[in-house]
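Asks: Listed below are the residues making up each chain.
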Amino acid sequence: MEIQLKLYGSSKILSDKDTLNIQLPNNSNIEKVRDILSKIISEKHSKSNLENLPQTAAFFSEKDEVVNDNYKLKDKEFISIIPPIGGG
Amino acid sequence: MSLHTALVKIEGKKISSEKAKSFIISEKNGAESIVVGRVRNENDRKKVTAVTYDANDKVVIKSFQSICNDAKNKFDKNAKIFLEHAKGYVYIREISILIAVGSGHRDEAFKICRYILEEVKHQSPIWKKEHYADGKEEWLSGHSLRTKKQIK
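The listed protein sequences derive, respectively, from chains A and B. For the first sequence, the working numbering assigns the number 93 to the last residue and increments by one with no breaks. For the second sequence, the working numbering assigns the number 236 to the last residue and increments by one with no breaks.
Certain hints may be false.
[As the list claims (entries may be wrong)] Chain B is faced by these chain A residues, among others (derived, beta-carbon under 8 Å): (1) Y13; (2) G14; (3) P30; (4) E56; (5) Q60; (6) V71; (7) N75; (8) P88; (9) I90; (10) G93.
Calculated directly from the structure, the hints in this document are not laboratory data. Every residue gets a Cβ at the ideal spot worked out from N, C-alpha and C, and that includes glycine.
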């Protein structure tokens, strides 16, 4: 299955586009997304200071609600990654 | 109307303190408190030229309204509140956030301003990328929406 991850803040380093398509095994949850992101960062973005991102980021569903690590993803689902925030 | 919140796409518009002052004025107010946040030219000994603000627009607006309503319930139900935050590329000296509060008394006006500023920093999904004089740029670290217990 594949999901579309909408990128915000520092996670935009992961792609030139606003979204990143991630391939996942069927019935994956958010915890699996964190694992895959860790791999992507260590393989392709090791100099980008993003090593903590998979653990410190929250994730929002398409309805803009926070989803927890057990949240089961559907094929083609659209979710947002929310890195640590800091406006003002 | 006692509440105005907006995320201002700065390429087309500017945040205006005059607009904020006009919004909060009322003969019921004994005090007005205004906090203006601007992009400054230095951070962590690096010369800053500008900041790009990224935001999850819908969630930011929801959070602004919730924070302002909480502030009213906590300090003064009759307060008039104006809150705008910039989105996009903001040069030094330009306004990044403006909070204006009109309230019956000064203590509540100060407290509401402070409360809103701190809660925006901790609740509203907004991110900053600093641009430096040497051509480099960096996303700043922020406050995780996960608890320490959740972070492995």
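Asks: Now tell me, hint by hint, if it's right for this structure.
Replies: Here's how the hints hold up against the structure:
1. Interface hint at A:Y13: satisfied, since its Cβ lies 6 Å from the closest Cβ of chain B, which is below the 8 Å cut-off.
2. Look at A:G14: its Cβ gets to within about 3 Å of chain B, closer than 8 Å, so that hint holds up.
3. Checking A:P30 against chain B: minimum C-beta separation of about 21 Å lies over 8 Å; hint violated.
4. Interface hint status for A:E56: violated, as the beta-carbon distance to the closest one in chain B is roughly 12 Å, over 8 Å.
5. Annotation: A:Q60 was flagged as interfacial toward chain B, and the flag holds, the nearest CB pair being 5 Å apart, inside 8 Å.
6. The restraint placing A:V71 at the interface with chain B holds, with a minimum CB-CB distance near 7 Å, inside the 8 Å limit.
7. A hinted interface residue such as A:N75 counts as satisfied when its beta carbon comes closer than 8 Å to some beta carbon of chain B; here the least separation is about 12 Å, so the hint is violated.
8. Hint status for A:P88 relative to chain B: holds, with the closest Cβ pair at about 7 Å, below 8 Å.
9. Against a cut-off of 8 Å between C-beta atoms, the interface hint on A:I90 holds, since the closest Cβ of chain B lies about 5 Å away.
10. Of the supplied interface hints, the one on A:G93 holds, with its beta-carbon coming within about 5 Å of a beta-carbon of chain B, less than 8 Å.
Going down the numbered hints, you'll see the structure goes against 3, 4, 7, while the others check out.
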